[in-house]
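Q: Residues per chain, in single letters:
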Amino acid sequence: MTGRAAILIVTIVVAAWQPLWPAPSFGADEEPEILTELDRRTIYQGESVVFEVTLNFVEDPREPDLSAFTDFQVTALGEQDINSTQTYIVNGRRTVHRRFGRVFRYRITPKSSGVLQIPSPTAEVDGKKLFGRALSLEVIAPEEQELVILSLSTDKQQVYLLQPFEMILSVLVRSLPGRFSETSPVSVQDRAPALTIPFVDLPEGLVAESNSSWLSHLIYRRRGLSSQGTGFSINGLTSDWDPFRPARFELKSEIVERPLLAGGRAEYYDFRLSRTITPREVGEFVFAPANVKGLFGDRLDPSGQLKGREIYAVSNAVTVQVLDAPLEGRPQSFSGAVGRFTLSADVQPRTAKVGDPITLTLSLSGAGTLERAIPPEITTFPEVARGFKVYEATEESKGSSRIFTYSLRPLDPGITAFPPVSMAYFDVERERYVTLHSESIPLEIEATEHLDEGDIVAGGASDRTERHDIEQQREGIFADVTDLAGLRDQTVYAQRWALLGAGLLLAYGLALVGARVLRARYADPAAQRRRSAASRTRQRLREAHAQMRGDTFAAGLESMKEAVRAFVGDVCGVTAEGMTPRDVRENLTRLGLETAEADGVTRILEESDAARYGGLSNHRVEEIASGALEAFEKAVKRLQSMGRLK
Amino acid sequence: MRSPTQKSTPPALPAYFVALLTAVALMLTAVGFLTSCGPLPDRETMTRLQEAQKAFLAADEADDYLQVAALYQEVLDGGFMNGAVLVNQGNAFMRAGRPGMAVAAYRQAERLRARDPYLKANLDLALGPNEAPVRKTVIDHLFFWQTWLGYHEKFHAAAAAASLTLVLGLIGLALGRSALRRKITACALLVALLLCASAALDWYRNDVLRHGVIIENEVVARKGNAESFAPAFSEPLAEAAEFVVEEDRGDWLRIELPLGQQGWVRKENVAVY
Numbered sequence: 001m002t003g004r005a006a007i008l009i010v011t012i013v014v015a016a017w018q019p020l021w022p023a024p025s026f027g028a029d030e031e032p033e034i035l036t037e038l039d040r041r042t043i044y045q046g047e048s049v050v051f052e053v054t055l056n057f058v059e060d061p062r063e064p065d066l067s068a069f070t071d072f073q074v075t076a077l078g079e080q081d082i083n084s085t086q087t088y089i090v091n092g093r094r095t096v097h098r099r100f101g102r103v104f105r106y107r108i109t110p111k112s113s114g115v116l117q118i119p120s121p122t123a124e125v126d127g128k129k130l131f132g133r134a135l136s137l138e139v140i141a142p143e144e145q146e147l148v149i150l151s152l153s154t155d156k157q158q159v160y161l162l163q164p165f166e167m168i169l170s171v172l173v174r175s176l177p178g179r180f181s182e183t184s185p186v187s188v189q190d191r192a193p194a195l196t197i198p199f200v201d202l203p204e205g206l207v208a209e210s211n212s213s214w215l216s217h218l219i220y221r222r223r224g225l226s227s228q229g230t231g232f233s234i235n236g237l238t239s240d241w242d243p244f245r246p247a248r249f250e251l252k253s254e255i256v257e258r259p260l261l262a263g264g265r266a267e268y269y270d271f272r273l274s275r276t277i278t279p280r281e282v283g284e285f286v287f288a289p290a291n292v293k294g295l296f297g298d299r300l301d302p303s304g305q306l307k308g309r310e311i312y313a314v315s316n317a318v319t320v321q322v323l324d325a326p327l328e329g330r331p332q333s334f335s336g337a338v339g340r341f342t343l344s345a346d347v348q349p350r351t352a353k354v355g356d357p358i359t360l361t362l363s364l365s366g367a368g369t370l371e372r373a374i375p376p377e378i379t380t381f382p383e384v385a386r387g388f389k390v391y392e393a394t395e396e397s398k399g400s401s402r403i404f405t406y407s408l409r410p411l412d413p414g415i416t417a418f419p420p421v422s423m424a425y426f427d428v429e430r431e432r433y434v435t436l437h438s439e440s441i442p443l444e445i446e447a448t449e450h451l452d453e454g455d456i457v458a459g460g461a462s463d464r465t466e467r468h469d470i471e472q473q474r475e476g477i478f479a480d481v482t483d484l485a486g487l488r489d490q491t492v493y494a495q496r497w498a499l500l501g502a503g504l505l506l507a508y509g510l511a512l513v514g515a516r517v518l519r520a521r522y523a524d525p526a527a528q529r530r531r532s533a534a535s536r537t538r539q540r541l542r543e544a545h546a547q548m549r550g551d552t553f554a555a556g557l558e559s560m561k562e563a564v565r566a567f568v569g570d571v572c573g574v575t576a577e578g579m580t581p582r583d584v585r586e587n588l589t590r591l592g593l594e595t596a597e598a599d600g601v602t603r604i605l606e607e608s609d610a611a612r613y614g615g616l617s618n619h620r621v622e623e624i625a626s627g628a629l630e631a632f633e634k635a636v637k638r639l640q641s642m643g644r645l646k
Numbered sequence: 001m002r003s004p005t006q007k008s009t010p011p012a013l014p015a016y017f018v019a020l021l022t023a024v025a026l027m028l029t030a031v032g033f034l035t036s037c038g039p040l041p042d043r044e045t046m047t048r049l050q051e052a053q054k055a056f057l058a059a060d061e062a063d064d065y066l067q068v069a070a071l072y073q074e075v076l077d078g079g080f081m082n083g084a085v086l087v088n089q090g091n092a093f094m095r096a097g098r099p100g101m102a103v104a105a106y107r108q109a110e111r112l113r114a115r116d117p118y119l120k121a122n123l124d125l126a127l128g129p130n131e132a133p134v135r136k137t138v139i140d141h142l143f144f145w146q147t148w149l150g151y152h153e154k155f156h157a158a159a160a161a162a163s164l165t166l167v168l169g170l171i172g173l174a175l176g177r178s179a180l181r182r183k184i185t186a187c188a189l190l191v192a193l194l195l196c197a198s199a200a201l202d203w204y205r206n207d208v209l210r211h212g213v214i215i216e217n218e219v220v221a222r223k224g225n226a227e228s229f230a231p232a233f234s235e236p237l238a239e240a241a242e243f244v245v246e247e248d249r250g251d252w253l254r255i256e257l258p259l260g261q262q263g264w265v266r267k268e269n270v271a272v273y
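Line order of the protein sequences matches chains H and A. The numbers in our numbering rise by one with no breaks, and the one at position 503 of the first sequence is 503. The numbers in our numbering rise by one with no breaks, and the one at position 268 of the second sequence is 268.
Excised from the complex, chain H in its bound form (with noise of 0.2 Å):
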């Protein structure tokens, strides 16, 4: 940068990560514009250059219109948001170029050779369609030579989807002149010749094994102290131990005679690379012609040494048309699956009742595609339709195979089986439709009986399964309830749990105090004595009776006054012996009796005294005992309802 125009050229490229930038204001010179730009002006016929299309200040960037485009093969490459301010500061003068939009990258392949017109993108901006400018290219075409032949092929043409197809590339190279005619021709460069095929990056669409291991088994491996190294580079693809240098590819060759355009015959070495190519979307796919460039050897120089030239020289480009499955013949049990399958069926549980849920699951398993494959709609087989309640499939996939799920409910108890359904799928080599049918799957439906609460709602399921059911039903079941007469209503009245809660403890505490009393009174002697005293005195004057009758009257009259003394005793609580009939009469008129009442017992003593010296009838012992008895009740009656006895 020397001179008297001396131009200082300070570039701050002032470019940041876009969300720090703050939200776009374009000022009002700042119009939206679609830039281009090409990495190289200048190509052979066969390479591509990288096509940039910049939407300069434009929000919302949409993809460019690239339809003019019929002389080029076009590959998108991606896209960058940008957001940058270069600043040029020329003599003074500040220049700003600053660029907010998105870049789109494309990759062009010409299709013909000579300066080529690369035609002006288009894009709609707020309604307005801006255009980009248009760029030149050249495109040299390949000389005319017989050194190095490239041919691309194809097995099939036309394929359906997912039937594989064969890419193949054939590389003819002039054998070596002279005493290097058993050598190798692309063994002899320092530097590999470079092939550019179009099947190593496939387009979107198309998948075939990968790069690694469809070609890792072709590097070539120095050999001892060697440093020639033999084989083609294949589009700078490199190898794991050398990433800087792209490695060599040995391909598979014979030797092979052709004419040549002079007359006679040559001896060419026939490389040859395949590729086995599975294609997953309906469509058109071009194949771009393939290219090799490198110093091949032609000609022995006086002195005998070899010597060469370097080439360029391009093959045919190749189309292959996929088709969909054909609309002829299409059963309407066609899935959407295309390739070779197999399809199974089961049914759980197999014993349920009418409206129960059970499941079924159809596997359509195989190779092939099977992402486009569709639940079948089972209700269009009547006896499915007649039989069962149908609910939404869900689809998944496992591995090679599509599993539908379908919820069902037997709506019949008379069914045995769950029917046959049907299948088919698009048969990519025998190029027809098949229909695969299910097995017939056993059933056992029994008409809805009454269900507690547990069966019903619990399908079944023993605590055992329980949680086993909760695995496999994490997506929820809707199943109801089928028969709802064995429920009750379940309403918790918690007043009246509560009123019983405290009767309970009024019992308890009722009982407890009951039982207090009852033991304070069955602790005192003396009110034992009382409780007991009429009893215990009624049954002395009867056996005391039963003597009197017999031969022991003076006995029985001696047991009717112990009796009449020992009850007075317990009832009043003092000691009965040597109780005289006055000591009675006044304990009992103290107790509460009447003059006569205490004299009709006190005459109880009086008279069987009387009795015992005097001597008596058997009719006069017989009124006394009676008579005894009858004051004794009366007393003791009296008493009772005095409370005198407890």
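A few of these clues could be false.
[To be verified] With a cut-off of at most 16 Å between alpha-carbon atoms, the simulated EDC-like pairs for lysine to aspartate or glutamate come out as follows:
#	chain 1	residue 1	chain 2	residue 2
1	H	Lys389	A	Glu227
2	A	Lys54	H	Asp412
3	H	Lys111	H	Asp71
4	H	Lys389	A	Glu61
It should be emphasised that the hints constitute simulated quantities derived from the structure, not laboratory data.
For chain H, the structure is supplied; the task is to place chain A on it using the hints.
A: Coordinates of chain A only, in the frame set by chain H:
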């Protein structure tokens, strides 16, 4: 010299007294159980249930399932409360695409069908990402059976334990005290008290607290009971979000979310149970 003190054994109570007490205790328990157990559905309720069941089987569209849910609601409004009916109603709401209403039905069913794994699976599905984190309190750890027993089952268990305690107590009264009988009765009493507390806790949670669920999507909770108040939360509430009602004022409810945030929502956007 004094003789060693001996514990006097209380005298046995009369047999008629013991028999009378036991009979009263059993009778009280039986009457309590019978009056607290709900009756079988009457003819009208049965008819409605069958109609709902048929309608569910025939339903295809969301509106059909909403009709089914309405039929089940009629049954519930008629005073027949049953977990299975609520499960069915929840299922109908789920099929109608109303997870919020389904959560309300499933939550009520959960009180009565605590151990139903299908119900839990359905509830999880209905709650989706709205499922509130479970915060276990000390009480929840103490009453570890709380989620294992249904609401009515807790009352049954408490009553049974209380009756057993009463009978054991009566036996003690009748036969006199013994160390073993006393321990057994004390254990029964402890169990009865815990079960009573458990039932009371459920009663508080179910009958005293008012629970609710958002039944519309994107419901904005506000800081006051009017649309003019600012939103209470940074994001609107999603359908099936659950809450507890704190206050009821006109058309608005003050709600508390499981993590303690509070806001006001319109009654028309929620289902309260």
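Q: Looking at the structure, which of the earlier hints fail to hold?
A: 1
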